[in-house]
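Q: Protein chains in written order, with the working numbering: chain W, 751 to 882; chain A, 2 to 415.
Hints were generated in silico from the structure; no laboratory data involved.
Think of the CB as a built atom: it goes at the ideal place given N, C-alpha and C, for glycine as much as any other residue.
Take these hints with a grain of salt, some might be off.
[To be verified] 25 Å max Cα-Cα, derived SDA-like pairs, lysine to any residue:
1) Lys798(W) / Leu193(A)
2) Lys101(A) / Phe257(A)
3) Lys171(A) / Val865(W)
4) Lys798(W) / Lys171(A)
5) Lys224(A) / Asp847(W)
[As the list claims (entries may be wrong)] Some chain W residues near chain A, calculated using beta-carbon distances under 10 Å:
6) Ile799
7) Thr811
8) Lys863
9) Tyr874
[As the list claims (entries may be wrong)] Cβ-Cβ distance ranges computed for the label pairs, FRET-style:
10) Val813(W) / Gly126(A): 48 to 56 Å
11) Asn157(A) / Gln868(W): 37 to 45 Å
12) Ile147(A) / Gln839(W): 21 to 29 Å
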Amino acid sequence: MANIKLLFKEATSQTSLTDVYQVDDSNRLVKIDLIIGDIGQSSISTIKIDDQVLLSEHLGTVVDFSVGKNKAIVNRFLNITTIVTDVNQDHNRTGIDFSIKGGVSPYHYVLSKQVINQGDSVAYKIEIFFYQ
Amino acid sequence: MKNSLFFLLVLGCTSRLFAQTEQIDTSKVNLDVLKSPSSPAFNLLGLSPSDVDRPTDVNAFALSLQNSTKNFTALPNSYAVELAPVYLFQKKLISLDQFKATDFKHVFWQSFTLSIGYTHVGPEGKEDVDSLRQSKAGFGFKFSIIRPKFSDQTQNVYDNLVIQQKIMLKNYFSTEAKHVLIKEVVLVQDSLRKLTSIYPRGDSRLVSERTRLMAKLMELNTKINEDGNVELEGTEAFQAAKKIAADFKIERIGPFLDLAAGLTLDFPDDRFNNSMVSKAGAWLTGGYENGNQGITVMGIARYLFQPAKIFADDNNVIQSKDVSTFDAGGKLLFNGFNGRLALSTEVIYRSVLTTSTVDPSWRLVFNTEYDIGKNKKLTFAFGRNFDGAISKGGNLIAALNFISSFGSARKISN
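Here chain W stands alone, though its shape is the one from the complex:
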């Protein structure tokens, strides 16, 4: 029974996201939300565009964060690395609710992992390629 539970947890876990996001020729800002979950968990994140660090060792959730103007980020890669530690003693859920807006259409994705032991940490990786 324990193995089935473990398999289910593993099957529903996803800690890495690689995807594309369409931008346009405008000067409108492209913004991201990086919502850390689940309740009471602790996190640290670094956000880069290619090798340029936009936000270093940020604690917790990131809301409405601008990664650049549409036309300035074409053919560039957004890289987000986040460590989430399971601090809440009521559950072992960790996750990231990630969204982008400001480009051609809104984007939303949820990454999550249920850790096995209380206090475990998980490294999440997001890479987004901006194309026109």
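Dock chain A against the given chain W, drawing on the hints supplied.
A: Then chain A, alone, in the frame of chain W:
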């Protein structure tokens, strides 16, 4: 030594003055009777907390409703749900760092819970008699208005956790940079960047090539992330963070103020357009939380409409129908002189608002304890009770004890 002599002198004098007074029963009534319930609606409805569903997202709530209504085909005999709206509307406020905040927006959303309950059962002891069943619904909420900040100790533990997380982040970047597949990642990224210079915009080959390269990049990134997580688990920082997180407890110091309220509606003929309020209550709890040191203050004000038992009416002389009551209490605790002196004062006021049959009454208890040596402790209690003492308007000494033990060096605890 000076302190010890002073207390002996004071207590000696007071014992002569109040030697004939009777002892007050400090255990009979204390401030806990006024404490706000964890879920006001369920408390007023008489539902057990173990029967309550606590969904943490919309899907779980839908599932809870579906199960209890037999797939939306019947009303349940009993259903109770407690919701934290922060999950639905303010998910950005739920990470640990957000719980440090003490501004109203954070405090309100993080503490706000709604409780909703419904029962369709008979009176106590005849719950399953169909002819006696009556529908009742309960609604309640609670939230904090003022919340204390993290204590220095909690802040230090949190800071240590952050240090370990910073090390883990650096370790992860280092693992990523050294990974055998990283060169392939760079090649795929370069190919993706060059696509628009090879194919004109809108060309189908551009789309298919981009799709192919992204699939390759996803595969590489997934593998690197998996290996990075495995490597991370073996680091000292991972283990240190695990130990800190496993023992993490939030202790707060400072002023606090919480509000809870609820009401129940009876539907006498089981029609939802005919209802009456059968019970209601509101609790306001405030004070100053100071850990185990210094002064801790707590005050509670409680309003109840048609309570099951009227607190101010010891002899049950009035019916609770259409009766409102107001009770209040306060508690002050002081720990000083490195834990040797402990003072506590507790006061309770109780009244019936809608009738003058029962007069308002109040009770005051004062306790002090002083550790004067290895095995010696002075205790002193002073109180004014609800009953006879009120009519006399006087105070009474509850107890005056000098405890001295012999032979053992163990400290006497309270």
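Q: Against the structure shown, which of the earlier numbered hints fail to hold, in ascending order?
A: Hints 6 and 11 contradicted; others consistent.
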